[in-house]
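Just so you know, we're using the working numbering here: the sequence shown kicks off at 7 and counts up by one.
Treat the hints with caution; some may be incorrect.
[Stated by the list, open to error] Once the Cα atoms are required to be at most 27 Å apart in a straight line, the calculated DSSO-like pairs of lysine-lysine come out as:
# : residue 1 : residue 2
1 : Lys97     : Lys183
2 : Lys174    : Lys97
3 : Lys89     : Lys176
4 : Lys89     : Lys183
5 : Lys97     : Lys176
6 : Lys89     : Lys174
[Said to hold, decoys possible] DEER-style ranges, computed between Cβ atoms:
#  : residue 1 : residue 2 : range
7  : Leu29     : Ile68     : 25 to 33 Å
8  : Gly15     : Asp181    : 18 to 26 Å
9  : Ile68     : Ala177    : 34 to 42 Å
10 : Leu65     : Leu29     : 16 to 24 Å
Think of the hints as simulated: they come from the structure by calculation, not from any bench. Since the structure is predicted, the reported quantities are computational estimates derived from the model, not experimental observations. C-beta atoms are modelled at their ideal positions from N, C-alpha and C, and glycine is treated no differently.
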Amino acid sequence: MFPQGRSAGTINAAARIGTVISLALISGVVMITVILAYLVFSNPPEDQGLLRFDGDAMLFLIIGYGVFVGAAGAAIVLRGIMKNQAAAQLKASAEELPRPLEGDSPLPPSAQAFLGTVATYTLIGQALVEGPAVINAVLMFIDNNLAHLIPIVLAVIGIAMQIPTSGKIKASMEDAKR
Numbered sequence: 007m008f009p010q011g012r013s014a015g016t017i018n019a020a021a022r023i024g025t026v027i028s029l030a031l032i033s034g035v036v037m038i039t040v041i042l043a044y045l046v047f048s049n050p051p052e053d054q055g056l057l058r059f060d061g062d063a064m065l066f067l068i069i070g071y072g073v074f075v076g077a078a079g080a081a082i083v084l085r086g087i088m089k090n091q092a093a094a095q096l097k098a099s100a101e102e103l104p105r106p107l108e109g110d111s112p113l114p115p116s117a118q119a120f121l122g123t124v125a126t127y128t129l130i131g132q133a134l135v136e137g138p139a140v141i142n143a144v145l146m147f148i149d150n151n152l153a154h155l156i157p158i159v160l161a162v163i164g165i166a167m168q169i170p171t172s173g174k175i176k177a178s179m180e181d182a183k184r
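Working from the sequences, and respecting the hints, build out all of it.
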């Protein structure tokens, strides 16, 4: 994400970069979904509805929803583990955070490493829910079933909820240092 293994030097820089990446992930999911939904609507099946939870549609629905639930669970667990490890490393550091901690405050190396870990676990968590969204978009196209939009919308919400704002990063950094 940063040249030669370096991380952002300030909270605001990390938040800006994370927001841009997050919005790119969201726009990718939305564009793929819109294109495939358009193709579904342009050639709808005549003998069945576009929103189905019946026996014929269940195989693709179980696969799509199952992949989403599994990946969302993995994202939550992995994010928590990585966040706790980063917090423990920051807390163990002898370096003090600037007081008051502002978004543009220059940070010591341990806090910059924390920012790098925040960027990493955010991107991993978002990617883990982005993949199932794309899988469900493809399944929606294959099966002509708009019921796959439910996990897609939940995935977009999941990506958006993980956007690293300056306030979230600052709060987690201060919590880790306590």
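Checked hints:
no., hint, verdict
1, Lys97 with Lys183, "holds, 5 Å"
2, Lys174 with Lys97, "holds, 17 Å"
3, Lys89 with Lys176, "holds, 13 Å"
4, Lys89 with Lys183, "holds, 13 Å"
5, Lys97 with Lys176, "holds, 14 Å"
6, Lys89 with Lys174, "holds, 12 Å"
7, Leu29 with Ile68: 25 to 33 Å, "holds, 31 Å"
8, Gly15 with Asp181: 18 to 26 Å, "holds, 21 Å"
9, Ile68 with Ala177: 34 to 42 Å, "holds, 38 Å"
10, Leu65 with Leu29: 16 to 24 Å, "violated, 34 Å"
When held up to the earlier numbered hints, the structure conflicts with hint 10 and nothing else.
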